[in-house]
Each structure stands twice: as structure tokens, then as C-alpha cells.
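In this note's numbering, the protein residues as written are 3 to 643.
None of these hints come from the bench; they were simulated from the model.
Incorrect hints may have been included.
Here are the computed lysine to any residue pairs in the SDA-like style, where the Cα-Cα straight-line distance is at most 25 Å [claimed, not checked]:
{"no.": "1", "residue 1": "LYS621", "residue 2": "ALA402"}
{"no.": "2", "residue 1": "LYS621", "residue 2": "ALA83"}
{"no.": "3", "residue 1": "LYS109", "residue 2": "PRO131"}
{"no.": "4", "residue 1": "LYS621", "residue 2": "PRO631"}
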Amino acid sequence: MRVLVPAEVGGLRAFVEAGVFGPAEVHAAAVIAGRAGVEAGALWPDERVVLAAALAVWAPLHGHTCFDVDSVATVVAEAVARESVDRRADADVAAEPAPPLPWPDPKVWRRALAASDAVRVVDAVDTTPVLDDRPLVVCGAKVYTQRQWIDECTVATALRRLAAAVPTDVPAASLEVLGGLLPEDRAHANSQFTAARAALTSNISVIVGGPGTGKTHTIACLLAALAAAGIGERPLRIGLAAPTGKAAARMTEAIAHVGATALGGIELAAAVSGHLATLSAVTVHRLLGPRPDHRTRFEHNQHHPLPYDVVVVDETSMLPLSLMARLLEAVPDSCRLVLVGDPDQLKSIDAGAVIGDIVRAAEPAGAVLHHHVVRLTTQHRTGVASPIGPLADAIRRGQADEVLHLLRRGDPEHRLAFVEVDDPSTAGAASSPSPWPGAHALHEVRDAVGGPFAAATAAAQNGNSMAALDAAGEARILCAHRRGPAGVAMWNHHVESWLLDDPNSQEYAGRAVLATRNDPRTGIVNGDAGVLVRMARSDGSTGVLRAVFRRGDAIRDFAPAELDDLDTAFAVTIHKSQGSEYDTVVVVHPPSDSPLVARELLYTAVTRSSRRLVIIGSKESIRRAVDTPTRRVTGLIAALR
Numbered sequence: 003m004r005v006l007v008p009a010e011v012g013g014l015r016a017f018v019e020a021g022v023f024g025p026a027e028v029h030a031a032a033v034i035a036g037r038a039g040v041e042a043g044a045l046w047p048d049e050r051v052v053l054a055a056a057l058a059v060w061a062p063l064h065g066h067t068c069f070d071v072d073s074v075a076t077v078v079a080e081a082v083a084r085e086s087v088d089r090r091a092d093a094d095v096a097a098e099p100a101p102p103l104p105w106p107d108p109k110v111w112r113r114a115l116a117a118s119d120a121v122r123v124v125d126a127v128d129t130t131p132v133l134d135d136r137p138l139v140v141c142g143a144k145v146y147t148q149r150q151w152i153d154e155c156t157v158a159t160a161l162r163r164l165a166a167a168v169p170t171d172v173p174a175a176s177l178e179v180l181g182g183l184l185p186e187d188r189a190h191a192n193s194q195f196t197a198a199r200a201a202l203t204s205n206i207s208v209i210v211g212g213p214g215t216g217k218t219h220t221i222a223c224l225l226a227a228l229a230a231a232g233i234g235e236r237p238l239r240i241g242l243a244a245p246t247g248k249a250a251a252r253m254t255e256a257i258a259h260v261g262a263t264a265l266g267g268i269e270l271a272a273a274v275s276g277h278l279a280t281l282s283a284v285t286v287h288r289l290l291g292p293r294p295d296h297r298t299r300f301e302h303n304q305h306h307p308l309p310y311d312v313v314v315v316d317e318t319s320m321l322p323l324s325l326m327a328r329l330l331e332a333v334p335d336s337c338r339l340v341l342v343g344d345p346d347q348l349k350s351i352d353a354g355a356v357i358g359d360i361v362r363a364a365e366p367a368g369a370v371l372h373h374h375v376v377r378l379t380t381q382h383r384t385g386v387a388s389p390i391g392p393l394a395d396a397i398r399r400g401q402a403d404e405v406l407h408l409l410r411r412g413d414p415e416h417r418l419a420f421v422e423v424d425d426p427s428t429a430g431a432a433s434s435p436s437p438w439p440g441a442h443a444l445h446e447v448r449d450a451v452g453g454p455f456a457a458a459t460a461a462a463q464n465g466n467s468m469a470a471l472d473a474a475g476e477a478r479i480l481c482a483h484r485r486g487p488a489g490v491a492m493w494n495h496h497v498e499s500w501l502l503d504d505p506n507s508q509e510y511a512g513r514a515v516l517a518t519r520n521d522p523r524t525g526i527v528n529g530d531a532g533v534l535v536r537m538a539r540s541d542g543s544t545g546v547l548r549a550v551f552r553r554g555d556a557i558r559d560f561a562p563a564e565l566d567d568l569d570t571a572f573a574v575t576i577h578k579s580q581g582s583e584y585d586t587v588v589v590v591h592p593p594s595d596s597p598l599v600a601r602e603l604l605y606t607a608v609t610r611s612s613r614r615l616v617i618i619g620s621k622e623s624i625r626r627a628v629d630t631p632t633r634r635v636t637g638l639i640a641a642l643r
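All chains, please: the whole structure from these sequences, using the hints.
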């Protein structure tokens, strides 16, 4: 797409031609430059201020809340490389070296910003929002738009206020229930009890841990303990939320399940579990009350707070800074706020890395949030004997040698396998006559997932919706790329070639599908997984294809044409798999020269498996992933400390 660059921001042309800036950044910079130029009495504003304006708008579009003058050249280069991956795959062309960009000297750049009327220079967090006519804010080496700065200050100020609140007295009934649900073992610390008790005694608590470490169970026990104290009085007002509809639905089911199965031996269990069974999680947007007249503001705010005694937000790793700011504005001082998530998973699509920043800010012993963050580490999903838990932990800790050792050692019960292939980015691999990753890898993948997918196809052809959904949900191939030999499209094609006589068919019984947008008409939400099933007619003749999805214990079916967007989902991107769990997972890891290679991507893929894990990749790509944590530029850690 051709981007017009006005003369007053002509210095951005090299960045536009390099693919850094699009229309949004250029337009915003032109508006800011025009205002700055008029106020300074100059016809042409300082090009360094213009560039800063464009980058301050660029940063949130790429996950950052701001940009750092000293490191922005590297961050931009990494982003441009990532965005070119799929374009190169589509065109089947090699990567070209990026042209050098005219970056200002950082010291000179900072002086120019400090002298501009378009910039407000600060040295500390604003405890109350400052709205003025200066669109940029500079704090140290970091440059923000005014909006991003206000959101970051809002989050930091609210969290510090909640952490400093006087600890709440814990009712004896709550402690009794909690002790029965999560009994303390004097020989071994019970981190679930520690996390729940901390949440009982504080207005802010953060419970983090990997998949299967019992986060949801801990929350259900916490809510049961809180509800027990209110039996016979006003029922506890509980708000449950998650960033997506899919995550909210899982949260509702998990809380109800734990409440129904874990409270049998506790006095008042029927009343407490009944109260939990009535709870229904919603998206954070819905919790706050979206306003039809305003896209980023909500019904509930500091002037109209949420009507709850306790608010629990799950999957907070997916919650961006802006939405966290709106949530914290709406949480009243009398409310307990519990944030739950895995800070080591992929970050939110939008700007910020809030849960990760909170955890890092709380690490020093004297930090204001130090006693408010509890990490759960005991693995309940895969079991203590499973090799998947230690592998995920080694990835999280950045221990590349240990990761490769665990992968190559494998597991005698075939729960972990590493199909080590040549890295296609090396000269030797590129000259190989066989296509990457090779026949052996294809055989290993088919051995791992072919059975469940074939069973799903057979059940779907026979009209057995439940069996088809169960079988299709047992396994998944996870890829970083959408296209290319390591991409989703290629691996979906491989699976279809195993299952079908005509692998180019688009509509067939047994096709695993994934909804890619929220559909209010049907109630299907982005991320819902289903299967196409051939429903039998009442006269016994061959029926029509229906897309079936599980809703709790029920199954709903639709004509495929009723649904807006369905993707084939034998293989999905790792991003799309976030929050899901499968018995068997195959990870097709990208080559070492892929800009998508990152620690969080590998960790998220590995932790989707509950029983069997197969990783296809090279030692070079695995090592680079473990050694490369995702970079998100924010100032929240410093603000919280």
C-alpha cells in the first residue's frame, strides 16, 4: 500500500519506504508536527520531534507502550523482520537486507525533545492524570503518547494504592473452609493455600503459574472460603472476567466443576457450591459495560465503580495496558481484586505486558507488591513424573542446555519426543534434495496425531457429534507461521492428504474447524473449536454437513454457511492455541533465522500438551528460542517499584 508523506514530515519518507510506518503513524506525526511548528513559530518543525511522534504512535501498534530512544533502532528492525515473514512466504522470495535508516544521535534527540513545545518532560509517575495540549511525554529515555502515559500511570498508581490498603481481617469461617480445601502440609509448603490466604487478606493479589499448576482450583477454593463467611447474610458479590469469550467460558465451567467436586467434605458445602454454580464469567469489556457511543470508555469507571466485593480476572497475560487501566479505574477501594495468569506465555496482542511487569516489579524483597504475588509451581495436569513440566520450566528459566538435554533424552513412555532436523537456514539443509522437514518427521507427526484425526473423521461420517468432537480435541499441530513449510496451511494440507481421497476438498465430514471471530447471532466466539459432522436424516439417507461445537455439556450445530469465519484446525498457530489444552501436541518449530523464534512462543506451545509432546525442529532454532525472550518496551516495572 502506497503511503503519502506530506512535505512537513518529509523526514519520515525513508522509514515509510522501509516498511516501518504506515498511514496512521504518518498522519499522527503530521498533526503533531503542524501543532508544534505553529507554536514554535517555525515553518518546518524539528524532524527529530516528528520522528518521535511517529514512533510514539508506532509503538502501541507493535505491543510496546512507548519507545526508548537508546534502543529503538534495534526494536524497529526486529519488528520489520517479523512482519516480512509471511510476505516472503507468499512470494517465495529470500529475505533482503534492510536499508540503513537515518536514526538521530540519541543524546541530540533527547535534547531536541526536551526543547519542544509538543513534549512534556517528567521524572516520576503522575498520580493523577495530566491532560494538556502536549501530545508527547518523555520520562528518562522513554517517549510516550499522552494516552499511553496516562494509562501506565493509572495502572501503577491503582496497584500501589490497593497494595498499601490496610489488610482485611479474615473471618474464622473463611479460614476454616480454606484450611479444609487446601490443607497445609508442614513438610511441604502449599503454595495454593499461600496464594488463597494472601488473597483473603489483601485488596490486590496476583496468582501466577503455568498450565496445570492449579490456578483455577485455587480461585474456586478462595471464592468458597469468602462465600462461606457470608452464608446467612448478604451473598458475596463476585465478578468473574477474562479477556476473551473463550477464556470466560472455560473459567465459568472450571469454577462450577471445582465447586461441585471439591467441597463435599466441608460444612456448608451445599450452600457454598450452589453459590459458585451460579457464577458466570464474562469478558472484561462486558464486565465494565461497553458504551455504544465510545469505543474505549465504559459504563463502570472511577465515578461509577463495579458493584462487587471481589473481582477475579483470569488469563491476564492477554490483558493489554489500556484495558487494565479501565478495569483498575472501576474497582472500588472496598473490593478485592485477584489477577490470575501465566506471565511466561505470549503477551497480549495489544500494547503492554502487564502481568509480566507486575511479577518482575514484585521480585525485590522491599517492593510494594512483593507479598502480593504468589507463583504456583506444582504440576497437577501432567503429573510429577511427566517430562513436559520440567521441560517447560527449563524453557521459562532460559536454560537452553537443559532444554536440549531433556528433549534428546526423551521419555521411555513416549510422552516426549524430539524429532531433530537440519536447520533449513543453514547451507547444508538448503542444498538437501528432500523438502524440509523430511519424510521421517512426517511419519512421526502422522504417528502422533493420525489416530485421533482419523477417529474424528470416522465418527463425523457416522453422525456421532460427541465422539467426533472428543477425538478431534485430543490432538493438535502447532506452528509459528501461517504459511511456508513450517506453517499452518502446509500442515493442514498434510493431514488432509492422510484423511481424504481428495485433499483439496473444502467441506467434508471430520474437518476440524476454528472460529476466527465472535458471532453474536450464534454465540460462537473467536477460538471455539468444532468439527464438521454429516448428520443423518430421519429416513436414514445421507445427511447434510453441520458445524458442531460443544457448549458445556450440550452440543450445538449450525450450517457452515451460518458462521462468518471458520478455519481448518488440524494445525493452528501457537497464538491461536493459547488457553487451550490437548492430550497430544506436535510443535513444528520455525527455523532459527525466523524472526518469530522466541522463548514465550516455545513455552506456550509446549504447555498446551497434557500427555504427549512431539517437537520438530533443529538444535539451533530451539537454542535461539530459549535464549530470546520477547521484548516489550514499557515503563511499568520502574513505575511500580
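Status of each hint after checking the structure:
1. Simply put, LYS621 and ALA402 have alpha-carbon atoms about 10 Å apart, close enough for the 25 Å limit, and the pair holds.
2. Proximity of LYS621 to ALA83 is assessed by CA-CA distance (about 22 Å); at most 25 Å being required, the pair is judged to hold.
3. With a C-alpha separation of about 28 Å, the suggested pair LYS109 and PRO131 falls outside the 25 Å cut-off, and the hint is violated.
4. Distance restraint check for LYS621 and PRO631: the Cα-Cα separation of roughly 17 Å lies within the 25 Å cut-off, and the hinted pair is therefore satisfied.
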